[in-house]
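Peer 1: Based on the hints, put chain B in the right spot on chain A.
These protein sequences, in sequence, are chains A and B.
In terms of the numbering used here, the first sequence is residues 734 to 982.
In terms of the numbering used here, the second sequence is residues -6 to 313.
Treat the hints as calculated values from the structure; they're not laboratory data.
One or more of the hints may lead you astray.
[As the list claims (entries may be wrong)] Sample of chain B residues at the chain A side, in silico, Cβ under 7 Å:
hint, residue
1, N125
2, L128
3, S146
4, F295
Where a beta carbon is used, it is the ideal one built from N, C-alpha and C, also for glycine.
Single-letter residue listing:
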Amino acid sequence: MKRILVAVKRVVDYNIRIRVKPDNTGVITEGVKQSINPFDEIALEEALRLREKGLAEEVVVVSIGPADVQSQLRTALAMGADRAVLVNASSAIEPLDAAKIFLKLAEREQPFLFMLGKQAIDDDNNQTGQMLAGLWNRPQATFASKVEIIGDMARVTREVDAGLESLEVDLPAVVTVDLRLNEPRYVKLPDIIKAKKKPLETLELAALGITLRPRLQALHYAPPSVRTRGVMVKDAGELVAALAARGLV
Amino acid sequence: MSRILVIAEHDGRQLNAATAKCLRCAQAIGGEITLAVLGNGLSAIAEDGARLNGVTQVLTFDSPANAHPLAAVFAPQLAAVAAEFSHVLAPSTTFGKDLLPRLAALLDVPAISDIMAVESASRFQRPIYAGNAILTVEAGELRPICATVRIASFDAVEKAGTVAAIQPAAVAMPAVGHTRFVAVSSPASDRPDLQTARRVVSGGRALGSAEKFQLIYQLADALGAAVGASRAAVDAGYAPNDLQVGQTGKIIAPELYVALGISGAIQHLTGIKDARTIVAINKDPDAPIFEIADFGLVADLFEAVPTLIAALADRARART
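Chain A on its own, in the form it takes in the complex (with noise of 0.2 Å):
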């Protein structure tokens, strides 16, 4: 079977301005809208668009965390993926453990393509993916704003810091995603109905021979310095000699 695996992080909605906890122990997640995580909701569009021009004849979303994430992962199911895997975890996973976990995933459904969005909107880490090619000794395509697959290759266009680069690597590889490859699809009503039939296991971490090691120690949480008001010039004039008594023009 030919098959794509998406990963897909439940974080807090791109829309809600997070605050940071009085105690400094961490951001206010109770009671907020949690979404799918927008990269990895592109990387599924993609996978999705793969399979529905033939390339691929299954699109397996897989998660990880608690229970609550079977609600983003039948949103998943709703847009059109074939079935989900969530590993039970209640802590905060470490990149490294994800891609752990991912590639105890990969070796179970032998996917010729593993997607991700290039980082998730919570911790911002950017890892994941290349942590998991890494470990698999797979390509990597990172910040995928075209993927072609031709034969046994795909050939990715990534947006680099020069432009835009394109590779050709063989498969299975992992790509991430970046923000220009697609715009993802609605859910409709019928699809959100169908998709509470289609299958969604849960695999336990023991089950698949992990033990998280959390690494890194989050010590504190704070806001960011806060900008301040300026000042406000009458005209254009006025602006230049603000900007010529900084150095700026």
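Peer 2: What follows is chain B alone, placed relative to chain A:
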């Protein structure tokens, strides 16, 4: 004492500015700094690196296989030398973000992304939630500590009066055939890249049309700046996606940011709040952008910007 390996970034001809900024972070950690340069025919680049302040040794990985910065090719070579170091740093650019996590995974150590401040040799601050919170993270005892450095947070180191020793790394080239570089296409214009530009001029929905958005390019030309756009301007079709500045677009930290006709939605402000100086011109005196602007001007864009361009031209003439 720390032994720090800094992975240099270059374009095949010269080191880029990110490398010297990464070295400043290494100096803040403190210790002996080795600069790793990977490439093909890189002696001139290595010599430039050897002249940067703080570098005690340059380690070269010179091979035709290193002609392009492929993480799958670079990571195993760096992994082969990493055990000698307490820290491995790379700039938090697309190059460093691509490479460093793969390297960390090969070493079975975590990676720390986007160091913005150094509290101790193992304790760092980094932004999360697009900079809406700052996390202090302790790396503990695992070595090497692998991290990327947020280049907007550090000034470049100066040239040193001395030249560090240059030495080839004694590592076997990995045979990686599964990843092949095809091409890289840079934007056709001479305009600075939005992500790394020192000056950026952005336009919002108030521009009104793609044609009128040309005004942004005119001011950008007068300032030698890159061009950006708000999400509203991108959604309205005035500017292409890759110019979007904000939480879901590019997060930038230029020396000068000029926001024209941008009201200042949260998601946009998140992308610019590390800019050194922010200038806003908007018709609406209550626009939220004025809350964070260093200099604000309430005016009609189509009158104020041409006047501004003329004033800049006058100033340029006066100086020559």
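Peer 1: Quick check: which numbered hints come out false for this structure?
Peer 2: Failing hints, ascending: 3 and 4.
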